[in-house]
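Undergrad: Sequence:
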Amino acid sequence: MNNENYLIEQYKMEEKEHKKIADLLSESFLSDPAAIDEGASILFSDKTIKLIFGSLTVKKNYFVRAVYKKTNEIVGFLGLIPRDFRIKKQTYNFAIPAWLAVHHQHRRKGLAKMMGEKMLEIAQKESFDGGFALFEPEQHDLLFAKFVELSLSRKKQRKRIVSFLRT
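If you're matching positions, the sequence shown starts at -11 in our numbering and goes up one per residue.
Quick caveat, the hints were computed from the structure, so don't treat them as lab data.
Zero decoy hints are in this set.
Quick list of in silico lysine to aspartate or glutamate cross-link-like pairs, EDC-like style, CA-CA up to 16 Å: (1) Lys113 to Glu(-3); (2) Lys101 to Glu(-3); (3) Lys76 to Asp117; (4) Lys7 to Glu61.
Across the chosen pairs, the derived CB separations fall in these ranges: (5) Gln112 to Pro21: 33 to 41 Å; (6) Asn60 to His92: 14 to 22 Å; (7) Arg95 to Arg71: 23 to 31 Å; (8) Glu109 to Gln78: 20 to 28 Å; (9) Glu2 to Ile75: 31 to 39 Å; (10) Phe82 to Asn(-7): 32 to 40 Å; (11) Lys0 to Pro21: 32 to 40 Å; (12) Asp25 to Lys77: 41 to 49 Å; (13) Thr59 to Gly98: 16 to 24 Å; (14) Arg95 to Lys8: 13 to 21 Å.
Glycine residues also receive a C-beta, built at the ideal position from the N, C-alpha and C atoms.
All chains should be built: construct the whole structure from the sequences, respecting the hints.
TA: Quick look at the structure:
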């Protein structure tokens, strides 16, 4: 999945990249006007990234990045955390997208949407039973949620997912 200036790809995150991802997440949150208005001060470190994504049970390739082709820098990130849930005595394998971030100089170019689509492809390929995400209304998350809903509708999967959640 590409556009002219960016490469959107699934990749295997190595521990040596934790600091770069932590810096990207921190920059993304601290440069968001809505977060600043709310007094947000989320800071990440390589230890934070290892804690969130370093579990031995998380595949190291459950990550999507946006790479700016001119500099080969990672300017966008989205992780996936697998979790089992028990619903009505049956266990389901769910995918939880986590910590979507785009560097402030690369926003408004569709990178978040493209990374979300790529993550949806990964989750489908891995045969997850379902997924959920938490959204912050004051941030851009409702726009992203609407995009995911439209993407699922286009792919005629929304009915299947909604009926799954009702069972």
